[in-house]
Amino acid sequence: MSLLAVQNLSLSFGGLKAVDDVSFSIEPGEVYAVIGPNGAGKSTLLNMISRFYHPSRGEILHDGKSLLECDASEIPARGIARTFQNIELFERATVLQNLLVGRQVHNTVPDWRQFVFTPDIMRAEREHRRKVEEIIDFLEIAHYRDMHVSGLPYGVCKKVELARALAVEPELLLLDEPASGLNPEETEEMGFWIDDIRRDLKITVLMIEHDMSLVDEVADRVLVLANGRVLTEGKFDDVKSHPDVVRAYLGETL
Amino acid sequence: MRVLFKQSYDQDIRIAKHRGHLIWYGLLLLSTLCAPLFVGSFYLGELSRVMILALAGLGLMFVTGFTGQVSLGHAAFVAAGAYANAWALSRGWPSLAAIPFAGFVSMLCGLAVAVPASRMSGIYLAIGTLAFAIIVEDGIIKLDGITGGNRGMAVEAPVFLGFRMWESWQLYYLCLFVLVACIFAVLNFMRSPVGRAMIAVRDSEVSARSLGVKVARTKIFAFAVSAAITGFAGALFSHYLQFISPEIFGVVLSIQLLLMIVVGGLGTVHGAIFGAALVGLLETGINLAKDYLPPGIGSQPGLEPLLFGIILVGFILFEPQGVYGRWVKIRSYFELFPLYRRKTFVRQRSYLKTDRMQ
Ligand SMILES: Nc1ncnc2c1ncn2[C@@H]1O[C@H](COP(=O)(O)OP(=O)(O)OP(=O)(O)O)[C@@H](O)[C@H]1O
Ligand SMILES: [Mg+2]
Numbered sequence: 001m002s003l004l005a006v007q008n009l010s011l012s013f014g015g016l017k018a019v020d021d022v023s024f025s026i027e028p029g030e031v032y033a034v035i036g037p038n039g040a041g042k043s044t045l046l047n048m049i050s051r052f053y054h055p056s057r058g059e060i061l062h063d064g065k066s067l068l069e070c071d072a073s074e075i076p077a078r079g080i081a082r083t084f085q086n087i088e089l090f091e092r093a094t095v096l097q098n099l100l101v102g103r104q105v106h107n108t109v110p111d112w113r114q115f116v117f118t119p120d121i122m123r124a125e126r127e128h129r130r131k132v133e134e135i136i137d138f139l140e141i142a143h144y145r146d147m148h149v150s151g152l153p154y155g156v157c158k159k160v161e162l163a164r165a166l167a168v169e170p171e172l173l174l175l176d177e178p179a180s181g182l183n184p185e186e187t188e189e190m191g192f193w194i195d196d197i198r199r200d201l202k203i204t205v206l207m208i209e210h211d212m213s214l215v216d217e218v219a220d221r222v223l224v225l226a227n228g229r230v231l232t233e234g235k236f237d238d239v240k241s242h243p244d245v246v247r248a249y250l251g252e253t254l
Numbered sequence: 255m256r257v258l259f260k261q262s263y264d265q266d267i268r269i270a271k272h273r274g275h276l277i278w279y280g281l282l283l284l285s286t287l288c289a290p291l292f293v294g295s296f297y298l299g300e301l302s303r304v305m306i307l308a309l310a311g312l313g314l315m316f317v318t319g320f321t322g323q324v325s326l327g328h329a330a331f332v333a334a335g336a337y338a339n340a341w342a343l344s345r346g347w348p349s350l351a352a353i354p355f356a357g358f359v360s361m362l363c364g365l366a367v368a369v370p371a372s373r374m375s376g377i378y379l380a381i382g383t384l385a386f387a388i389i390v391e392d393g394i395i396k397l398d399g400i401t402g403g404n405r406g407m408a409v410e411a412p413v414f415l416g417f418r419m420w421e422s423w424q425l426y427y428l429c430l431f432v433l434v435a436c437i438f439a440v441l442n443f444m445r446s447p448v449g450r451a452m453i454a455v456r457d458s459e460v461s462a463r464s465l466g467v468k469v470a471r472t473k474i475f476a477f478a479v480s481a482a483i484t485g486f487a488g489a490l491f492s493h494y495l496q497f498i499s500p501e502i503f504g505v506v507l508s509i510q511l512l513l514m515i516v517v518g519g520l521g522t523v524h525g526a527i528f529g530a531a532l533v534g535l536l537e538t539g540i541n542l543a544k545d546y547l548p549p550g551i552g553s554q555p556g557l558e559p560l561l562f563g564i565i566l567v568g569f570i571l572f573e574p575q576g577v578y579g580r581w582v583k584i585r586s587y588f589e590l591f592p593l594y595r596r597k598t599f600v601r602q603r604s605y606l607k608t609d610r611m612q
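Going down the list, the protein sequences come from chains A and B.
FYI, my numbering numbers position 237 of the first sequence as 237, with every residue one higher than the one before it.
Numbering-wise, my numbering comes out as the position in the second sequence, counting from 1, plus 254.
Honestly, the hints are just simulated from the structure, not real lab data.
Each residue gets a CB set at the ideal place from its N, CA and C atoms; glycine is no exception.
All clues stand as given, with none of them false.
Which residues of chain B face chain A? A partial, calculated answer using Cβ under 8 Å:
no.: 1; residue: I267
no.: 2; residue: A439
no.: 3; residue: N442
no.: 4; residue: R450
no.: 5; residue: S458
no.: 6; residue: S461
no.: 7; residue: R463
no.: 8; residue: G466
no.: 9; residue: V467
no.: 10; residue: F475
no.: 11; residue: G521
Taking lysine-lysine and the DSS-like style, the derived pairs with C-alpha atoms no more than 27 Å apart in a straight line are:
no.: 12; chain 1: B; residue 1: K468; chain 2: A; residue 2: K131
no.: 13; chain 1: A; residue 1: K131; chain 2: B; residue 2: K271
no.: 14; chain 1: A; residue 1: K131; chain 2: B; residue 2: K260
no.: 15; chain 1: B; residue 1: K271; chain 2: B; residue 2: K260
no.: 16; chain 1: A; residue 1: K65; chain 2: B; residue 2: K468
no.: 17; chain 1: A; residue 1: K240; chain 2: A; residue 2: K17
no.: 18; chain 1: B; residue 1: K260; chain 2: B; residue 2: K583
no.: 19; chain 1: A; residue 1: K65; chain 2: A; residue 2: K202
no.: 20; chain 1: A; residue 1: K235; chain 2: A; residue 2: K202
no.: 21; chain 1: A; residue 1: K131; chain 2: A; residue 2: K202
no.: 22; chain 1: B; residue 1: K271; chain 2: B; residue 2: K583
Let's have the full structure, built from the sequences with the hints guiding it.
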């Protein structure tokens, strides 16, 4: 069974069909990329999967079960974590605290009890911390652990946001332009992380990306959107020579 | 300069991060415990007032500084705690029941505001809470069977194990105990999942949701806890005043509390304490100075609000991080001397934040 199946998904903003009858499915263990020119509806699609937007039509199945009755805050408990196109970190907190918020879904202690730090809370905190340290090691951000997020360079913020999504321990990771705003070296590095995430952590990745070198490097399959509609889907090499894709991108660098 | 070598995660989790903390805060606690031996009853009263203000500030800090919900109605929770405590004592309850009852009543009021408030933010929330405070003040006047209405209500001294505590040192210890207990409760909350959820809600609701934080529930929780702490402050305040009437708990008190935490430093427990100390010092200072000022100035009615206003504007312009922020800078100046640079605390926005997702 597909890990994620999107069926005939549509959403309009006023008269604008941002996403129009889009269907695709993602198999466990793959890196699936969504590309398309600006305003194609990629982020809108991701926001529907993570339940920030509600589709006007269509269905989203995760492990065969619908996601549509979930609220956005119930999505991580289903094993799906995401990052944002424009970084959304907790700015007045440290990197460590940011990552620990990612552990929220694994918290089992009721809120009201937390005013006394009982041994079981201490144990749980140590466990969260251990998990977070693993991710800090994995993404090599130990240097920034105790720094406040405001004031960190852009590239580091991107990594911290990725780390925070990993702290959820998801089985499906939704990345909205993980390499936007990064320089070529950082982009290449991001490619390595995504590869490692798939290979070592066994996490399936759905990513939106403009950087074609990154897509070429990490994606197994690519979906091309333009004006809310699917142009084509397939291996990157086949997709990039597809006449519709070339036309959609004309004027943009491929 | 202190360089911390961390050997275990517990070091970050613990409240006292290193020996220095333990020693300095231990000394502070010791000196507050010993104060009644050296300090006369007038100044003990002033210290009690500062601690009560700090407690109310701590309550407000919980919801405004940590969760980002601005409240202009916290005087209502002080009032709820004060009247609940006074009523319970008048029915012959011991303080061990009356003070928790005051917190509980105030928490119920907090829940009543929090549910609608969890959908509001910014200026609308400020106005909503302000309206709530005015309703509560009105309610107190209307309920004159219980509250004495505009005539006010006398408050009996606290009773513990059958003993009435009339002395100012007894109230002082009571305030100290409640304040320290609440500080520990808040510190524990803040190092637990719920505290991090509050910070997350404050800084970005969108990504808080995407990580599984229930935003509305977290806001309601913060409001309820905040109201309970402020209710405790109200109970103690009623003992400090010994006579309460509705106009004490007006809008001015709400604004004063908000000023206090802004001036002290938003988002830190220290901020609530520093802010209360500053406001307390200022009030005492003005009262003492009045005797020496020429009568034309000293007897002007608006002197305190004017000074507060000037101080607040000064802080917003020159030190938005509050007294605590200034203190951190001074401390690191000495720790890093002679390496300190003026730009140490200037943060650069190294990236743009355009069209954030709604
Ligand atoms: N909340 C909204 N309200 C109204 N229109 C919207 C909203 N969000 C997106 N749109 C519109 O929907 C279309 C698709 O937007 P979307 O953000 O999904 O594009 P995208 O493919 O992610 O583009 P980019 O590559 O620039 O990120 C755009 O025309 C955009 O203006
Ligand atoms: Mg986008």
